[in-house]
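Engineer: Work out the full structure: start from the sequences and follow the hints.
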Amino acid sequence: MPVDPRFFASIGAVTLGKWAELAGATLIGDPEAPATGVSSATSARHGDVCFFEGRREEMSAISVDALACLVKPDFADGLPEGVAALVCDAPRLTHVRVGRQLFTLRPLSEWGEQIAPGAAVHPEAKLAHGVVVGAGAAIGEGTEIGPGSVIGAGVQIGRNCRIGAHVSVQCALIGDHVKLASGVRIGEAGFGVIAGEAGAEDIPQFGRVILQDHVTVGANSTIDRGAFDDTLIGERSKIDNLCHIGHNVVMGRSVAIAAFSGISGSCVIGDGVQLGGRAGIADHVTIGAGAKLAAAAGVFRDVPAGEVWGGVPARPLREYMREVAWLSKQTKSRKKT
Amino acid sequence: MPVDPRFFASIGAVTLGKWAELAGATLIGDPEAPATGVSSATSARHGDVCFFEGRREEMSAISVDALACLVKPDFADGLPEGVAALVCDAPRLTHVRVGRQLFTLRPLSEWGEQIAPGAAVHPEAKLAHGVVVGAGAAIGEGTEIGPGSVIGAGVQIGRNCRIGAHVSVQCALIGDHVKLASGVRIGEAGFGVIAGEAGAEDIPQFGRVILQDHVTVGANSTIDRGAFDDTLIGERSKIDNLCHIGHNVVMGRSVAIAAFSGISGSCVIGDGVQLGGRAGIADHVTIGAGAKLAAAAGVFRDVPAGEVWGGVPARPLREYMREVAWLSKQTKSRKKT
Amino acid sequence: MPVDPRFFASIGAVTLGKWAELAGATLIGDPEAPATGVSSATSARHGDVCFFEGRREEMSAISVDALACLVKPDFADGLPEGVAALVCDAPRLTHVRVGRQLFTLRPLSEWGEQIAPGAAVHPEAKLAHGVVVGAGAAIGEGTEIGPGSVIGAGVQIGRNCRIGAHVSVQCALIGDHVKLASGVRIGEAGFGVIAGEAGAEDIPQFGRVILQDHVTVGANSTIDRGAFDDTLIGERSKIDNLCHIGHNVVMGRSVAIAAFSGISGSCVIGDGVQLGGRAGIADHVTIGAGAKLAAAAGVFRDVPAGEVWGGVPARPLREYMREVAWLSKQTKSRKKT
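So the sequence lines, in the order shown, correspond to chains A, B and Y. The first sequence begins at 1 in the working numbering and counts up one residue at a time. The second sequence begins at 1 in the working numbering and counts up one residue at a time. The third sequence begins at 1 in the working numbering and counts up one residue at a time.
It is possible that part of the hints are untrue.
Just so you know, same-sequence chains aren't split out, so a pair can sit in one copy or run between any two.
Distance condition first, Cα-Cα at most 20 Å in a straight line; then the derived SDA-like pairs of lysine to any residue [to be verified]:
1. K126 to I115
2. K292 to G118
3. K179 to E53
4. K126 to T286
5. K292 to A195
6. K332 to M321
7. K329 to R318
8. K126 to G142
9. K126 to S328
10. K292 to D202
11. K332 to E113
12. K126 to E141
13. K18 to D89
14. K292 to I194
15. K72 to E58
16. K179 to L105
17. K332 to T104
18. K292 to I28
19. K332 to V308
20. K126 to Q114
21. K329 to L317
22. K18 to V87
Derived by calculation from the structure, the hints in this document are not laboratory data.
Structural biologist: This is the structure:
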């Protein structure tokens with residue numbers, strides 16, 4: 001997926017030769033080919049430079065549409081046909097560092113200005129005192145925005161939305177009838193850390209957040225933007241206070257998530273899933289449609305559609321309850337003897 | 001409890017005949033009787049229209065003061081004497097939808113204005129830069145409010161309170177000497193979801209938040225307003241950062257709640273209760289006075305006064321510790337053999 | 001450690017005689033000696049008045065640099081030589097109450113003013129609309145601060161920092177290249193509660209927060225200031241969204257902390273420690289360098305360097321996994337028989 005120019009400023013296309021120079025990499029491919037984006041290996045599209053650090057058998061998942069891929073020397077021969085190789089010792093770290101030079105997050109708003117000249121606020125939208133709107137942002141008819149909220153550069157907000165006080169939105173496309181309670185944070189950088197020579201470094205995050213129609217988000221909850229692709233919240237999904245949705249989560253429709261629930265990066269959550277309070281899901285887990293997680297569940301593997309799971313690590317709720325009861329019985333009888 | 005007109009605008013009294021029309025319900029009662037409020041079945045007062053979806057034996061809890069009650073056809077004969085029946089197939093969903101038409105949350109502040117003309121700010125109160133005050137709000141002597149904070153329409157704040165930066169308060173009555181750290185959210189909508197034909201819908205929340213004298217709330221914590229009645233925090237209760245108090249919680253005095261603790265809707269928390277960090281309590285649970293919950297406890301049933309509980313699901317701490325020790329011993333000895 | 005006058009206004013030095021009068025204590029020492037600070041017993045420096053409420057054998061940890069120490073009558077004879085005794089029945093409560101009179105937190109900003117006259121904002125720093133800067137604050141070259149953020153009185157911020165929207169910072173010293181996402185709360189009062197005659201009282205917090213270079217803090221996370229000393233976050237440490245770091249935590253370099261993690265007061269976290277999501281650590285616990293805590297771990301005792309722990313209460317991850325597997329096996333086989 002290309003980096004969205006509404007949210008990130010680019011220095012423009014660079015040749016693969018230039019990329020190799022910035023990366024300190026050896027190029028196997030056309031040095032004049034223009035590179036326009038950065039992406040993960042699996043979602044790369046035309047013009048994207050991606051990276052690969054997995055096992056050899058995983059190379060088949062690299063997108064054939066990628067322009068080039070950063071790889072370690074031993075892997076240069078395994079790329080799909082037509083994908084140029086940028087050979088280097090630390091593909092991911094190099095991708096992070098060059099990506100950071102090529103694309104820069106636009107500031108939330110013009111420095112010091114309240115409503116950026118280029119913003120498109122519908123005359124029937126209502127802005128409270130102190131609302132800040134960035135360059136290129138658009139706010140639809142009937143939408144109301146509470147005091148002090150910040151609509152970042154390029155953000156698109158639909159019609160009849162209700163946004164509370166002190167909300168910040170960036171790198172996001174928002175549908176109609178969406179409600180964001182006060183203190184909600186949409187589109188902050190996802191959490192990604194990589195080891196560099198001097199210690200931990202942040203991995204830059206080039207994706208977006210999509211909130212479909214009728215989504216509701218509770219007070220002080222956070223939904224991070226994707227690393228390269230989008231974090232997506234499906235129609236009518238309802239999120240309680242103090243929840244966190246990580247980067248690249250793809251959530252279906254009418255999902256209900258109680259307070260303190262956290263969904264780690266790249267999870268897939270099916271339609272109608274329900275999470276009790278403080279349920280947590282580890283990264284890259286899939287929760288099938290209609291599944292329910294009990295309060296305080298900690299989920300580390302996929303949950304089939306329609307099932308009810310609980311406990312940490314989560315398993316089918318019936319198993320968990322049986323274990324709890326059995327353990328209690330053992331120690332109670334033991335006490336008596 | 002009637003809907004508080006300081007926080008919600010009403011279209012005024014409607015007759016039960018009009019209610020029946022809006023609800024698509026069959027009225028058994030006086031079509032000219034004026035309905036002035038919406039409420040739950042148990043807390044209904046004079047003029048309130050409530051709903052019932054429980055079991056027949058629970059009908060005795062319906063308030064005899066209710067003007068009318070939405071019920072399914074089979075239950076119309078079980079209402080208290082003098083309570084009119086509004087007969088329909090989906091009482092709760094219908095109540096949600098008509099309620100939403102009759103009462104509307106007032107905006108936090110007048111659109112674009114910083115201090116609403118009708119607000120009563122004591123001359124000895126101090127407001128920092130950017131503070132927004134809504135119509136009908138009142139702020140007492142000696143109270144200090146930090147930069148950018150928003151005091152919503154109709155909110156009453158007492159004397160000598162200390163309110164940090166970026167705090168938002170709505171639908172709330174606040175006593176004296178209350179401290180709200182930065183980023184606190186008081187009075188947002190409680191989390192209630194109901195299934196409609198097109199998917200999940202939010203249940204509107206018509207209640208308030210009451211904070212008694214000397215309450216302290218930590219940074220970025222949230223206290224939701226009641227669904228119909230009030231969320232109440234008793235005198236001198238102290239709440240740490242990133243806590244969540246759900247709708248209709250009734251909390252006693254000098255309760256101490258460490259970070260990340262969450263109390264679900266309609267819980268009752270006795271005087272002097274102490275919660276360790278990340279303790280969670282499921283909805284409608286009662287914690288007796290002086291009880292203590294260990295850090296990370298997950299409470300799903302009532303805790304008697306004075307007891308110390310821990311674990312998930314929580315049980316008396318001694319039992320929990322015995323189970324933990326026993327389990328550890330079993331698997332350690334098993335490893336050796 | 002003395003109370004930092006950039007953050008707290010003092011009534012100036014008071015004699016020990018005056019201290020005794022305010023405290024209702026009996027002084028054993030020089031009534032003319034000037035007291036300039038308040039502190040804990042172990043970190044007291046020249047001029048500080050501290051308190052002691054422990055066991056007799058712990059008295060050897062009282063700092064020999066303390067000017068005076070509040071103690072119960074039976075302990076007055078056990079103080080280090082040269083430390084005056086302020087004898088009273090409730091040393092800690094008395095210390096809290098007198099400390100509150102002697103030192104007052106400065107307001108975040110001058111009342112009503114946006115940029116306090118005394119603030120030093122570098123001409124190459126960029127402030128968005130609505131940014132508030134308190135008296136004596138300093139903001140370095142190249143630092144960017146998002147809409148509505150509040151830099152409190154006396155706060156020092158280095159160069160090339162990136163601060164989001166609606167961030168509040170107080171009682172803090174911040175290095176270079178620090179990133180604070182939107183809604184972050186730095187320097188709020190740590191959570192401390194003490195029982196008084198009328199019920200719970202807040203313990204005032206006189207310390208600071210130090211964020212070293214390249215620290216990153218995620219959206220809506222909170223880092224409290226120390227009770228007397230400093231809360232310290234080491235170079236390049238990375239903190240995800242909705243985390244909480246308690247007062248007096250000392251964290252090393254390149255620590256990585258995933259969402260919802262909480263570190264209670266006075267913990268010591270070694271270099272390179274990694275916390276999975278929702279990991280919690282009880283107060284005064286030490287986590288050795290390079291240790292890892294699994295997601296949802298609840299740590300109640302020290303974790304040796306380099307180890308991997310999980311579960312609640314946390315133990316070595318291998319033990320925990322063995323227990324989980326064994327318990328599951330017992331109840332599954334039992335079901336079949």
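Engineer: Against this structure, judge whether each hint is valid.
Structural biologist: To see whether the hints hold, each was checked on the structure:
For a Cα distance limit of 20 Å, the shortest separation of K126 from I115 qualifies both inside one copy, at 13 Å, and across copies, at 17 Å. Neither within a single protomer nor between protomers do K292 and G118 lie at most 20 Å apart by alpha-carbon distance, with minima of 45 Å and 48 Å respectively. Taking the shortest Cα distances, K179 and E53 never come within 20 Å of each other, neither inside one copy (40 Å) nor across copies (28 Å). In this homomeric assembly, K126 and T286 never come within 20 Å of each other (Cα to Cα): the closest approach is 39 Å inside a single copy and 42 Å across copies.
Taking CA atoms no more than 20 Å apart as the test, K292 paired with A195 passes between copies only; the shortest distance there is 15 Å, against 37 Å inside one copy. With identical chains, the CA atoms of K332 and M321 are at most 20 Å apart both within one copy (17 Å) and between copies (12 Å). In this assembly of identical chains, K329 and R318 lie within 20 Å of each other by CA distance both inside one copy and across copies; the values are 16 Å within and 14 Å between. Taking CA atoms no more than 20 Å apart as the test, K126 paired with G142 passes inside one copy only; the shortest distance there is 7 Å, against 33 Å between copies.
Taking the shortest alpha-carbon separations for K126 and S328, neither the intra-copy value of 58 Å nor the inter-copy value of 57 Å comes in at or below 20 Å. Taking the shortest Cα distances, K292 and D202 sit within 20 Å of each other only across copies (19 Å), while inside one copy they are farther apart (34 Å). For a Cα distance limit of 20 Å, the shortest separation of K332 from E113 qualifies neither inside one copy, at 67 Å, nor across copies, at 65 Å. Taking the closest pair of Cα atoms, K126 and E141 come within 20 Å of each other only inside a single copy of the chain (9 Å); across copies the shortest separation is 32 Å, beyond that limit.
In this assembly of identical chains, the alpha carbons of K18 and D89 lie at most 20 Å apart only when taken from the same copy (18 Å versus 68 Å across copies). Proximity of K292 and I194 under a CA criterion of 20 Å is satisfied inter-copy only: 16 Å between copies versus 34 Å inside one chain copy. Taking the shortest Cα distances, K72 and E58 sit within 20 Å of each other inside one copy (14 Å), while across copies they are farther apart (58 Å). For a Cα distance limit of 20 Å, the shortest separation of K179 from L105 across copies, 13 Å, qualifies, whereas the shortest one inside one copy, 25 Å, does not.
For a Cα distance limit of 20 Å, the shortest separation of K332 from T104 qualifies neither inside one copy, at 61 Å, nor across copies, at 54 Å. Taking the shortest Cα distances, K292 and I28 never come within 20 Å of each other, neither inside one copy (49 Å) nor across copies (39 Å). For a Cα distance limit of 20 Å, the shortest separation of K332 from V308 across copies, 18 Å, qualifies, whereas the shortest one inside one copy, 28 Å, does not. For the homomeric pair K126 and Q114, the shortest alpha-carbon distances inside one copy (15 Å) and between copies (14 Å) are both at most 20 Å.
In this homomeric assembly, K329 and L317 come within 20 Å of each other (Cα to Cα) both inside a single copy, at 18 Å, and across copies, at 16 Å. For a Cα distance limit of 20 Å, the shortest separation of K18 from V87 inside one copy, 14 Å, qualifies, whereas the shortest one across copies, 74 Å, does not.
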